[in-house]
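Q: Single-letter residue listing:
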Amino acid sequence: MQLLLTFIAKEFKHILRDKRTLLILFGLPIVQILLFGFALTNEVKNSRIAILDHSTDEMTLQIANRLSASAYFDVDRMLQREEEIDAVFRRDEVKMVIVFPSNFRETLLHTHKADIQLIIDGSDPNTATSILNYATAIINDYQESLQGNPSLPLTITTETRMLYNPQLKGSYNFVPGVIALILMLVCVLMTSVAIVREKELGTMEVLLVSPMRPAILIIAKMVPYLVLSFVIVGIILVMGVTLLDVPIRGSLPLLLGESLLFILTCLAIGLLISNFTRTQQTAMLITLLGMMMPTLVFSGFMFPIENMPIPLQLISNAIPSKWYFYVVQAIMIKGLHIESIWRETLILTGMTLFFLLVSLKKFSIRLT
Amino acid sequence: MDSALHVNQLVMTYGKGKVTALNDISFDVERGELFGLIGPDGAGKTTLFRLLTSLLIPDSGTAHVDGFDIVKDYKEIRRRVGYMPGRFSLYQDLTIEENLNFFARVFKTTIEENYDLIRDIYVQIEPFKKRRAGKLSGGMKQKLALCCALIHKPSILFLDEPTTGVDPVSRKEFWEMLKRLKERQITILVSTPYMDEAALCDRIALMQSGKILSIASPVQTLANYEHLLYAVRADGMYRLLNDLRAAPFTERCYAFGESHHLLPAYPNLSESDVRNYLDEKNYTNLEIEQITPGIEDVFMALLEKGSEEVA
Amino acid sequence: MSEVDNKTIPPVISVEGLTKQFGNFKAVDDITFDVAKGEIFGFLGANGAGKTTAMKMLIGIWKPTSGEGKVAGYDIYSETEKIKRNIGYMSQRFSLYEDLTVWENIRFFGGIYGLTREELREKGSALIDRLGMGEKKGSLVASLPLGWKQKLSFSIAILHTPQIVFLDEPTGGVDPITRRQFWEMIYEAADRDITVFVTTHYMDEAEYCNRVSIMVDGRIEALDKPAQLRKDFNAESMDQVFTSLARKATRSAD
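Residue numbers (the numbering used here), protein chains in the order written: chain A, 1 to 368; chain B, 369 to 679; chain C, 680 to 933.
Chain A extracted, bound-state conformation:
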């Protein structure tokens, strides 16, 4: 135990003394989040919208006025027929079309309920989300101003239709995506490099020719990166929530628990890579090409998996980050509980055990 602690202390020294790598590890997620946050708030001012008003009553006009009075929207034109909607989007003339049904005011006053349809260009998911949020906020605001008589609850429901990118992959995906990527980087890359470096230095030979058990070496290499990754996950979450307004709708402990599981998966993969490589360079290349690229492509972070050809969809199942990505999204955005994600959790656990067992078995007590 004493030996393990000494060993871990040594690993921490390696990490803390390599200032440049440390800076990259902590700087990268911060820069990514900031960059994204900046891009997000940039474009939403003065978005052009069109209105198709089948009702043209006092209320619809008031809502239209409020929208156009806000800094976010310019009412570019009034449409006359449904058929025009498609055309204005296609010519990229507006970002959103608001459709009021006929007899809007009467419906609302009599049934206390009315629908407004928001049709949004979803091709840029970030902008689309913001537009939706702002439009909804303005409509809700108007609705509240109508509540003069509390006994008469009036509900305006908005029905949203996203064009081109119905699921609106984007902003909310970014935070889980960055977490998955950074964990890959820190755990897989740094762990494998840290072990392979000892091979390159020749210290591995000395350690092997000692009574020390290999398990100690492995655990000692893993612990610091586990701690480091956890801190980084924390930073990303805090930044995501405060700067990007990404919600954590589900349970935080569950989210952290799942992250811990994924960190272990990554550490096990890193260990496995270090078993097969002799130079830091190779370890780095394998991690970048074999792990980071698939994470980018197959986790659903950049490209929706449903749109991929079946063979690629099948491949994506073998990528651990796909499952983690799904889990994080489910917890943060959809607020789901363990009952809904136990399958994914089980898959990740299975992968972790598999990688750990293989790498422990492969870890040689001799030189190869």
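Careful: at least some of the hints might be erroneous.
In silico BS3-like links for lysine-lysine, alpha-carbon gap of 30 Å or less [unchecked claim]:
1. B:LYS547 <-> C:LYS927
2. A:LYS361 <-> B:LYS440
3. B:LYS503 <-> C:LYS716
4. A:LYS362 <-> B:LYS386
5. C:LYS742 <-> C:LYS716
6. B:LYS497 <-> C:LYS927
7. B:LYS503 <-> B:LYS476
8. B:LYS440 <-> A:LYS199
9. A:LYS13 <-> B:LYS521
10. C:LYS705 <-> B:LYS540
11. B:LYS649 <-> A:LYS362
12. B:LYS498 <-> C:LYS927
13. B:LYS673 <-> C:LYS815
14. B:LYS547 <-> B:LYS498
15. B:LYS440 <-> B:LYS521
16. A:LYS199 <-> B:LYS673
Read the hints as simulated data drawn from the structure, not as lab findings. Note that the structure is predicted; figures quoted are calculated from it, not measured.
Assemble chains B and C onto chain A, guided by the hints.
A: Frame of chain A; chains B and C shown alone:
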């Protein structure tokens, strides 16, 4: 089995038998002996060290370290040997003190416990103990690596080319340290590419292409080789070398520092024979001198013979 | 060649009061020496004595803090480009591209020094013949034994017949037979009037040089023929000369 090291017909190949690193090696090392392995790059010295420290498994043959089998009893061996691999295996970003402490812990001991053994060496680097290993000179790294290898009081020390890339003064100091360790009954197996260091060992094994060409003490090595040898020098060393090689009386001639060493083809060649031959060729400052062969001359001859046999 | 008359032929390297200072630290402290054409000049010193720094100033990589110097007739401050064209350089660490073949290396380095296609073919073939590497022409350098690599690397360093060739620890880790063959190549180069400036760790190799200088703590503490140095220091070998000088060093070698 009382010898510290008993090696019996070790064979080791790499790449599925394509490259033979060690070809049927057998030798014994006595307890407390300072045993040298000398030979060119690729002779198989490092492979031999890795086998004996249980890092590799031989294709065939057996070896015992302190009576323990290198394959079966590897755990026991790893408790008893000190090993300094070819490059100084230190953590560059840890200080002298941290490196030493770490390796002490790995071997479940402390610096204090065996301080007695490393004191002579450690006092030389102690003033810099807060300095990182990466910032040390070759000589200091070498001393630190030796301390690390000694920290658990091993009974056998394996040193793989400990003096390569180290300046002559540090090299000299290093051999003095080895002598002191030997006095404490630690068996030392050391490899080196420097011929002059061979003379400092109790016995030397000369290795080439995975084979041991000879094992003998330095005195014996010289005694086994009685050859007439001339040292010849003059202005225009390159021309001199070519002329001597072309001479009818020359068996072999090679550059040897300030002079060329001339090995005559027949044992009764006299100095004046050589002088007469060279006088026709107008050399200035010509000097010819009969000399006794040194260890390097002997090894050169053995190595040369060895490579002829291989070829 | 060892008795080149320094008076009639101008020295090919001439250095006076050369100093390189890093902050308060004088890496090279006021060194003065000449090297004659065709001479084999040994440049010795412990790690950290300032050898490498001095050498880097001579080959035009670093600017001196003060002092004068000419290499191959060119000023070491203002004519470094011309110096580089007239010297060859071989370091222990970087010499050849391991993943190129013998011939590709020759072509590449010859090209760097501006050899024409004709010259390349002619000198390259001569080089291959001299080394007896005809069969290995198309082999990757990585597959050659260390000794061959070093010989090839030296041959390439003098492919463009430079006035001076600088060798930085050229024989590290090579067996004695190969080392001797290497020194024969150096003799041959000197015989062709190429001046050889060599640093080495092997003190016995110092004896191959016409003259050696020994640096201690940034200064040249001894400079003479090996035999004369042994006499002056009352020593049996250059190793002893070096040891008695280097023990005086106060600088902790870094």
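Q: Compare the distance between the alpha carbons of LYS498 (chain B) and LYS927 (chain C) with 30 Å, and conclude whether the hinted pair is satisfied.
A: holds (25 Å)
Q: Hey, LYS362 (chain A) versus LYS386 (chain B), does the alpha-carbon distance stay inside 30 Å?
A: holds (24 Å)
Q: Holds or violated: are the alpha carbons of LYS503 (chain B) and LYS716 (chain C) at most 30 Å from each other?
A: violated (38 Å)
Q: Against the 30 Å threshold, does the CA-CA distance of LYS497 (chain B) and LYS927 (chain C) hold or violate the hint?
A: holds (23 Å)
Q: Hinted pair, alpha-carbon criterion (30 Å max): LYS440 (chain B), LYS199 (chain A). Please report holds or violated.
A: holds (24 Å)
Q: Is the Cα-Cα distance between LYS742 (chain C) and LYS716 (chain C) 30 Å or less?
A: holds (24 Å)
Q: Holds or violated: are the alpha carbons of LYS547 (chain B) and LYS498 (chain B) at most 30 Å from each other?
A: Judged against 30 Å, a Cα distance of about 28 Å means the pair holds.
Q: Is LYS649 (chain B) within 30 Å of LYS362 (chain A), Cα to Cα?
A: violated (69 Å)
Q: Is LYS361 (chain A) close enough to LYS440 (chain B), meaning Cα to Cα at most 30 Å?
A: holds (19 Å)
Q: Checking one constraint from the list: CA of LYS13 (chain A) to CA of LYS521 (chain B), max 30 Å. Satisfied?
A: holds (27 Å)
Q: Assess, step by step, whether the Cα of LYS547 (chain B) is no farther than 30 Å from the Cα of LYS927 (chain C), and give holds or violated.
A: Holds, at about 24 Å.
Q: Checking one constraint from the list: CA of LYS503 (chain B) to CA of LYS476 (chain B), max 30 Å. Satisfied?
A: Judged against 30 Å, a Cα distance of about 27 Å means the pair holds.
Violation of the numbered hints given earlier is confined to hints 3, 11, 16; the remaining hints are satisfied by the structure.
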